[in-house]
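Chain residues, written in single-letter form:
Protein chains: 2
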Amino acid sequence: MKPMPISIDTLKEKGRRLRIDSLKATTEAGSGHPSSCLSAADLMSVVFFNEMRFDPKDPSNPANDRFILSKGHAAPLLWSAYAEAGIISEKDLLTLRRLDSNLEGHPTPRMPWVDVASGSLGQGLSAGLGNALAARLDNIPYNTYVLLGDGECAEGSVWEAAALASYYKASNLYAIIDVNGLGQSQRTMDSFDVNRFAGKFRAFGWFAVTVDGHSYADILEAFDKCRREGGTQPRALVAKTFKGKGVSMLENLEGWHGKAIPKPDLPKALAELEQPLGPNEFNPNPRTGFSKQQVEATIDILVARQPGESVATREAYGDALVKVADKDRRIVALDGDTKNSTFSEKLLKAHPDRFFEMFIAEQNMVGVAMGLAARGKIPFVSTFAAFLTRAYDQIRMAGVSQSNVKFCGSHAGVSIGEDGPSQMGLEDMAMFRPIPGSVVLYPSDAVSAERLVLEAARRRGICYIRTSRPKTSVLYANDEQFPIGGSKVPKKSANDRVTVVAAGITLHEALKAASKLEAEGMPIRVIDAYSVKPIDTRTILAAAQETGGRVLVVEDHYEEGGLGDAVLEAVGNQASVVKLAVREIPRSGPPEALIEKYGISSGHIVAAVKKF
Amino acid sequence: MKPMPISIDTLKEKGRRLRIDSLKATTEAGSGHPSSCLSAADLMSVVFFNEMRFDPKDPSNPANDRFILSKGHAAPLLWSAYAEAGIISEKDLLTLRRLDSNLEGHPTPRMPWVDVASGSLGQGLSAGLGNALAARLDNIPYNTYVLLGDGECAEGSVWEAAALASYYKASNLYAIIDVNGLGQSQRTMDSFDVNRFAGKFRAFGWFAVTVDGHSYADILEAFDKCRREGGTQPRALVAKTFKGKGVSMLENLEGWHGKAIPKPDLPKALAELEQPLGPNEFNPNPRTGFSKQQVEATIDILVARQPGESVATREAYGDALVKVADKDRRIVALDGDTKNSTFSEKLLKAHPDRFFEMFIAEQNMVGVAMGLAARGKIPFVSTFAAFLTRAYDQIRMAGVSQSNVKFCGSHAGVSIGEDGPSQMGLEDMAMFRPIPGSVVLYPSDAVSAERLVLEAARRRGICYIRTSRPKTSVLYANDEQFPIGGSKVPKKSANDRVTVVAAGITLHEALKAASKLEAEGMPIRVIDAYSVKPIDTRTILAAAQETGGRVLVVEDHYEEGGLGDAVLEAVGNQASVVKLAVREIPRSGPPEALIEKYGISSGHIVAAVKKF
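These protein sequence lines are chains C and R, in that order. Counting in the working numbering, the first sequence runs without a single skipped number right up to 633 at its last residue. Counting in the working numbering, the second sequence runs without a single skipped number right up to 633 at its last residue.
These are calculated hints, taken from the structure and not from any lab test. Treat each hint with caution, since some may be false.
Since copy identity is lost for identical chains, a pair holds within one copy or between any two.
No more than 27 Å apart at the CA atoms, straight line, and that leaves these computed lysine-lysine pairs for DSS-like [said to hold, decoys possible]: (1) K370 x K246; (2) K632 x K618; (3) K537 x K492; (4) K112 x K618; (5) K492 x K280; (6) K112 x K632; (7) K618 x K280; (8) K348 x K370; (9) K284 x K492; (10) K631 x K284.
All values reported here derive from a predicted model rather than from experimental measurement.
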């Protein structure tokens with residue numbers, strides 16, 4: 022184990038220095054949350070300098086214990102811990118919140134030691150669980166420590182993570198709750214009631230210990246107790262603390278949240294912390310001998326659909342998921358109790374160890390995926406497209422984290438039929454398109470669905486795959502390629518009058534419309550915009566020019582933010598664009614009836630083309 | 022109290038009939054979730070026909086007890102209860118899931134008795150808490166009963182609602198948990214462990230009783246116990262049940278979720294339920310004498326800003342909130358522990374009884390607002406724009422519910438500065454615009470902010486108000502009007518070369534750019550698109566035509582889904598549109614530096630205009 026135990030005096034000294042560092046950095050920056058740093062400084066000292074095993078010189082050591090600052094506004098405390106561990110210099114701390122610095126106001130993975138961005142509260146425990154599950158998959162004995170504020174425990178996502186961590190017996194996961202009793206604008210809901218917090222964690226299946234968060238003996242004993250008695254349970258230290266602890270002008274006072282000490286007052290505050298409390302030492306004790314994850318060379322799959330076969334894109338998603346997972350061990354899947362609808366259950370059957378049932382808790386599911394991705398996995402997250410909205414904040418933060426997470430939203434649009442509007446994903450593309458660097462893919466047949474799963478697996482970054490509930494006929498040859506940013510032109514003649522851009526279900530409506538119109542001597546161009554973002558501007562523009570500047574976009578999505586807007590952006594003023602999209606809250610009814618009623622059927626396409 | 026107690030035999034008979042109704046309706050529809058109806062039929066019978074007091078002839082009786090089916094997929098059971106209560110006819114039940122029927126696959130308020138749409142799981146308890154708080158505000162002694170599935174209790178939003186209901190001592194709120202142990206794709210996380218469920222509710226401050234959900238004596242006694250011993254706590258009945266109870270081909274079997282019994286098998290299933298169990302009676306016992314909420318005539322406010330004054334739109338939001346609330350008693354406010362940043366705290370100070378601190382739990386906050394709106398309140402929900410993403414599913418469902426909820430997202434865009442990307446709302450407009458019927462407002466000064474709060478209060482439906490962190494100078498006269506769908510043209514001359522469309526922070530950058538360009542003899546038109554949805558197409562098109570078809574849009578938002586897309590849609594091919602928007606994940610830094618770095622400053626506007 023450890024070369025020699027670190028003394029309490031040394032830990033106290035580290036705590037003192039973390040406080041000083043945090044105050045200096047925030048005062049220099051002129052903003053930040055020093056009081057939220059001070060409440061957790063003693064907990065942080067014990068976690069970083071006694072509990073955790075890591076190599077400060079090698080952030081990529083696969084056996085480093087992981088630390089996630091869920092209460093991201095205490096970022097200066099994290100940067101200070103890095104400084105005290107020798108990861109960054111003390112001078113770096115004074116660049117806090119500067120445009121040229123990676124020491125941002127809230128942690129982001131621009132700092133290599135940070136696994137996931139935090140600052141949107143209540144998300145860290147899910148990412149920590151992702152780390153913990155990755156550790157188990159890779160059979161590496163590292164632990165993950167997540168520091169949470171008490172205020173953020175009001176977020177339901179914390180309890181989603183708590184339930185799942187217990188379900189998965191994540192005994193390699195520690196939650197440290199900094200119960201300082203003060204929120205941003207008033208006392209927290211449960212104030213200093215650490216027993217109530219501990220009771221909640223216990224009810225959710227955790228081993229929970231309450232401690233005085235400013236007593237080093239207490240904190241050390243609590244960690245020991247977790248090791249002795251925690252068994253297979255995830256472990257929580259619920260610590261009573263004071264916001265601003267150690268500096269009388271801040272300590273346990275309201276009105277100081279998110280405020281730096283003004284420069285003139287800093288010396289007085291520091292004076293209260295000037296006395297060294299012990300030796301300033303840190304002898305890291307990293308685990309060695311664990312090999313880094315092997316990164317696959319580019320993978321490929323074989324697609325073997327029959328011409329004329331009718332297969333839902335959601336089912337092809339499941340088939341392809343197994344194929345890419347066969348080739349790349351990093352690929353894992355998560356689902357929110359919809360695996361028999363999204364067909365991710367195919368991966369469960371093929372590789373049970375690499376499938377995680379996340380139950381009906383989408384926020385945690387996405388958070389866990391971020392943690393898995395941070396540890397080198399390629400997670401595919403699936404549920405109904407509608408229910409991914411439940412995790413938009415996590416998806417947004419996956420964007421900030423530049424996470425390598427793949428999303429599949431099934432049952433997109435009114436074409437799901439009778440289940441009604443609550444189950445119809447109609448704003449999913451609008452949700453994913455704004456994320457910088459995101460890719461939005463929308464297959465219309467089994468071949469393109471399989472190919473796009475492959476493309477998503479190969480691409481680093483956030484990819485969203487939109488699948489449909491109904492079966493659709495196979496349109497493409499098995500060896501057809503579907504590069505991201507491309508498109509297909511399944512219908513084309515020299516005399517096309519209008520370009521119809523469609524994807525997914527509406528592509529089939531467009532092809533039906535094309536046949537009808539052709540019979541009437543009015544040929545149209547049909548573009549399969551399977552890559553909604555990035556959109557194939559070149560092909561669409563060229564088609565628009567060849568069809569008299571007439572473009573019709575038809576999509577099973579609300580009119581704002583989806584394919585129509587992507588096409589508008591692509592063609593600009595170089596064509597006249599008409600959009601067919603869903604424009605009101607749909608009702609329950611048969612798929613065909615809904616496609617008709619909400620104006621995106623082949624009949625509506627025919628009418629719109631004629632109107633042009 | 023009751024005219025005479027209803028007998029257990031009568032309740033059993035109602036339960037039997039609810040089962041038969043649910044089976045017939047789903048088999049006729051050919052889809053639906055009969056097994057999920059059958060597990061809850063006995064609970065439903067007691068709730069509807071013994072516990073609740075309501076007037077089946079008057080859905081608008083303000084003292085009716087409320088029922089929310091959080092497990093919305095059991096909609097046929099709800100419709101069956103309506104039929105058994107005489108609200109609809111038994112014949113209506115056979116229209117289930119038809120396009121021309123209000124008996125949708127999941128409940129929506131198209132059926133007058135439904136307060137909020139359900140079907141996205143885990144949201145009902147929040148709406149129930151909203152009802153419960155409304156009851157207290159209006160001093161009417163009705164109760165709200167929420168029926169939840171066990172699977173949906175994995176959703177964190179349930180625990181957000183649980184914590185807040187306890188905090189607000191909502192003893193007029195009952196949660197009934199139908200623990201049938203089976204999810205969609207497998208056993209639930211906690212299976213039949215009703216004690217674990219009850220333990221969770223108790224840890225969250227509830228009075229919880231476990232029952233056999235198929236024993237009428239048990240259920241009745243549990244409700245009595247809640248009344249006797251529940252005190253000021255919200256109450257939970259945790260009921261062990263069997264999915265498909267009463268029909269042997271379904272009972273407690275996997276593989277039946279979301280499947281109707283095929284027509285040929287229906288007689289066999291019904292045969293098991295054919296024996297009447299008691300008299301079929303229901304004598305409603307509504308509360309009388311409670312007056313309906315008075316609806317205000319159109320309200321108005323007085324705006325009194327000083328020319329040259331500098332005020333953040335978020336602060337003006339708070340000022341106006343008090344003014345509209347002074348005039349209309351229906352107006353209430355909710356905030357997620359950011360009230361000193363969003364300035365909703367002004368309402369807390371002015372009308373403490375009409376402000377609800379919802380702590381850091383945005384999903385529940387929005388759900389509670391939906392419940393309050395369903396009971397005639399006009400809730401204004403505020404937090405950072407970024408954190409409204411946390412509640413996108415609830416916002417989406419507020420859309421499906423056609424709720425009268427107002428949202429204010431503060432701290433929009435990179436202009437917040439050093440706190441960094443996690444705190445910057447950059448996809449908020451993209452999120453709100455797709456919701457059918459939604460209004461998106463974006464004031465740029467204190468006068469427009471106040472006026473737009475008034476417009477939002479007057480308008481029925483979902484309105485989103487986007488406010489900014491920095492102070493901005495007052496641009497408009499106090500009596501200027503800002504109708505929804507309008508715009509302003511603060512800079513205009515006959516020789517304008519380009520139309521710049523901006524809003525919020527970027528309007529001030531556009532005006533700065535206009536001054537610089539005017540000095541260089543290059544006048545531009547500036548449009549304040551304060552109504553992003555609906556957008557003022559007429560004014561923008563006219564300006565585009567008058568400025569040579571050159572339109573520049575500049576916004577503190579990601580490039581997809583915001584003002585730029587709204588303008589693209591408005592002008593179509595009648596102008597050339599260039600967008601300036603945020604195109605990457607921003608960093609921490611000073612507001613001005615970020616506006617510059619991410620390409621939306623006056624300098625970038627000048628350059629883009631020149632490039633045109």
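Among all the numbered hints in the text so far, which are the ones the structure does not match? 1, 6, 10
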